[in-house]
Amino acid sequence: MKPQSKSAPVRRPAGIADKSIAEMYQLMVRIRKFEERCYQIYLQRKIGGFCHLYSGQEAVAVGMIHQLEPRDYVITAYRDHGHALARGVAAKSCMAELYGRATGCSRGKGGSMHFFDTTLRFVGGHGIVGAHIPLASGIGWALKHKKTGGVCLCFFGDGAMNQGAVHEGLNLASLYKLPVVFVCENNGYAMGTAVSRGAAEEHIYLRANSYKMPTCRVDGDNLFEVCEVTAAAIARARKEFQPTFIEAVTYRYRGHSMSDPGTYRTRDEIEAHKSRDPLAQVAQTALDRNILATEDIARIDADESALIDDAVRFAEESPQPDPASAYEDVYVSYPADIRDRR
Amino acid sequence: MAEMEFRKALNLALDEELARDPDVFVIGEEVAEYDGAYKVTKGLLAKYGHERVVDAPISESGFCGLAVGAAMAGLRPVVELMTFSFSLVAIDQILNNAAKIRYMSGGAMRVPLTFRGPSGVVHQLGATHSNALESIFAHTPGLKVVACSTPENARGLLKSAIRDDDPVVFLESELLYALKGEVPDDPEFLLPLHKGRIAREGVDVTIVAYSKRLHQALDAADRLAREGIRAEVIDLISLRPIDQDILLRSFRKTNRMVTVEESWSFCGIGASIVDIVQRHAFDFMDAPIERVTLEEVPMPYNESLENFVQPSVDKIISAARRTLYLESEASLHGR
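In order, the protein sequences belong to chains W and B. Note that the working numbering has the first sequence beginning at 1, numbered continuously upward. Note that the working numbering has the second sequence beginning at 1, numbered continuously upward.
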């Protein structure tokens, strides 16, 4: 996939406060550092399972989730570390989850692909491609019918667009007028399969047009465009129960997962994308507009490095779960001994 | 007590729970304007409106998943599957999402949700529409699986399923919908989801059955009684968890058992019952446990073949007689 045309990094739409830009930048740095640390500790075999890193896509999760209120829900696919951190899930409980510890955000039972934090209405972390899109519609149904005023922000990848459950979920959301914003993060590849090799219509947002909801394509590496588009979509969902489909074009720097041989794309392609890095774009804008000074950028960098160091320390010092906890959390109530074979 | 059809008993349960709890809603194909493919939801749309009795398009994966999401966010959905054969196109939503989200969230999420509808063979619908998938559901930790057999327990169990905080697979049968029976008037009449019941007392052999096969087991017990064999019949009701106590109590009394199930033999419900009995009551066993199941073939369309491959009263009687060494391997299978 070729990079999209370079957008001017200094462009800043009205309505985004300086404080928000600083906060979002800090979260983007946190995600990048968290993911790059994951890369290291995975190679050190301190964590296991599948591990899908979000580096390069930070502007999408951060810009979108920043538009939400506490009453709103976030649901996403298996590349979920960035969304969890953007929603405010503590880095240490995310890291402890990767270590499989009971102090993890899913008590060590979910792992990388299944982060949860219900206090923040972050409801996964879902491992089967596209299977959580109907769930998002259901959350939207509940929010509408309980009259909470809340919306559900649902993230998934370009690969999910070829799954039937996605199309069923989109149709239901539009048919029932549900307050859901669907975000397809198009990072160019479904695992190793380029979008054009998996979809007859490679313009993803066009496929969503048939569900009679507003659709758009946004430069997912441009934080400010992401914010602008998302704010409008959330307002439509909240006020009119009108779902929206957003295709956010972005790029992941790391492989699909840690076991990715990377044979399907070139080094040059990756470097071309890194030349318009979303973090660098925000930093440049913040400096140019005097929102952040050079020393602020350095301080954020140091603070977030320390935060990730703390998270790793917390995870490594957390005890392994008690074996008996394997039997917990299967049911709210089960009238038989769950260790028995019945 | 009032006499009513099975489908009316289910309808009453839905009606009462919709009235009782504003978080309950019913969703499925043709449940609203059509009044339900089998009229189980008849009249509910008029009473509760389109927001609580919801027609879904033919998108089982979509609306089963929608129900899981709604349950995660605090509602209490009741999904009607026109038949559980159609649950196969939504199986990921049921086995991965409904069953496992609580566990994967470390117990933070609840998924209070009922999947209900008819299951098993009906009459000449062919292989794709005759599935009995209870082994798959009962195999899966995170789900509770219940099979109702009478208007009375249909009502009491469905109400309990809807109020339960875990996902419940609630199996009915097209062939039972017109069955009439006495149903208690008490709107708080609830039955536990995890208890079987003794449908007929006996001492010579225990016949375990569920759903519509219970009625064949009772017919078999009647005929066995004519030759002096007093069969005890257990209505299993709960397929997960299985009511181990009622099985073992009966087996320790009769020392012989026949299991009757709606589906195939291999990896079947009866196989798990045999496992439980041999582990916990080996010394009480006077004969190999016999199982009456579907033959190991997809359901044929031809009427006589369809009957031939299913459990029948004759097959149950033969199996019971074999446990008493009154008969050897029957020629029913034509081999």
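Hints were generated in silico from the structure; no laboratory data involved. Incorrect hints may appear among the rest.
[Said to hold, decoys possible] Pairs of lysine-lysine, DSSO-like flavour, derived with a Cα cap of 30 Å:
1) W:K147 x B:K47
2) B:K315 x W:K146
3) W:K146 x B:K42
4) W:K239 x B:K47
5) B:K47 x W:K177
6) W:K146 x B:K180
7) B:K180 x W:K177
8) B:K315 x B:K180
9) B:K180 x W:K147
[To be verified] Between beta-carbon pairs, the in silico distance windows are:
10) B:E201 x W:A326: 20 to 28 Å
11) B:L305 x W:G164: 27 to 35 Å
12) B:A127 x W:M191: 28 to 36 Å
13) B:R252 x W:Y327: 49 to 57 Å
14) W:A272 x B:A127: 47 to 55 Å
15) W:S333 x B:E51: 55 to 63 Å
16) W:S333 x B:R252: 23 to 31 Å
17) W:P70 x B:E296: 52 to 60 Å
18) W:E317 x B:R252: 50 to 58 Å
19) W:S333 x B:F284: 57 to 65 Å
20) W:G164 x B:W264: 47 to 55 Å
21) B:H50 x W:G164: 45 to 53 Å
22) B:I198 x W:A200: 20 to 28 Å
[Claimed, not checked] Rough simulated footprint, nothing fancy, chain W against chain B, three-plus residues with beta-carbon under 8 Å:
23) 32 to 38
24) 90 to 100
25) 105 to 112
26) 220 to 227
27) 240 to 254
The C-beta atom is built at its ideal place from N, Cα and C for all residues, glycine as well.
Against the structure, the hints:
1. W:K147 x B:K47: holds (21 Å)
2. B:K315 x W:K146: violated (52 Å)
3. W:K146 x B:K42: holds (25 Å)
4. W:K239 x B:K47: holds (28 Å)
5. B:K47 x W:K177: This hinted pair holds, its Cα atoms lying about 22 Å apart.
6. W:K146 x B:K180: Violated, because 38 Å separates the two Cα atoms, which is more than 30 Å.
7. B:K180 x W:K177: It is violated: about 41 Å lies between the C-alpha atoms, which goes past 30 Å.
8. B:K315 x B:K180: holds (26 Å)
9. B:K180 x W:K147: violated (41 Å)
10. B:E201 x W:A326: 20 to 28 Å: violated (40 Å)
11. B:L305 x W:G164: 27 to 35 Å: Given about 34 Å between the Cβ atoms, the range holds.
12. B:A127 x W:M191: 28 to 36 Å: At 35 Å between Cβs, range holds.
13. B:R252 x W:Y327: 49 to 57 Å: violated (28 Å)
14. W:A272 x B:A127: 47 to 55 Å: Cβ of A272 of chain W to Cβ of A127 of chain B: about 54 Å, so the range 47 to 55 Å holds.
15. W:S333 x B:E51: 55 to 63 Å: Violated: the Cβ-Cβ distance is about 29 Å, outside 55 to 63 Å.
16. W:S333 x B:R252: 23 to 31 Å: holds (28 Å)
17. W:P70 x B:E296: 52 to 60 Å: For E296 of chain B against P70 of chain W, whose Cβ atoms are near 55 Å apart, the range 52 to 60 Å holds.
18. W:E317 x B:R252: 50 to 58 Å: holds (52 Å)
19. W:S333 x B:F284: 57 to 65 Å: Since the Cβ atoms of S333 of chain W and F284 of chain B sit about 31 Å apart, the hinted range of 57 to 65 Å is violated.
20. W:G164 x B:W264: 47 to 55 Å: Hint violated: Cβ distance 27 Å, outside 47 to 55 Å.
21. B:H50 x W:G164: 45 to 53 Å: Check failed, 25 Å falls outside 45 to 53 Å.
22. B:I198 x W:A200: 20 to 28 Å: violated (60 Å)
23. 32 to 38: violated (count 0)
24. 90 to 100: With 4 residues closer than 8 Å to chain W, the stretch 90 to 100 of chain B meets the three-residue bar; holds.
25. 105 to 112: Coverage by chain W holds for the stretch 105 to 112 of chain B (7 residues, Cβ < 8 Å).
26. 220 to 227: violated (count 0)
27. 240 to 254: Our answer is that it holds, as 4 residues pass the Cβ test (under 8 Å) against chain W, meeting three.
Hint compliance for this structure: hints 2, 6, 7, 9, 10, 13, 15, 19, 20, 21, 22, 23, 26 are not met, and every other hint is.
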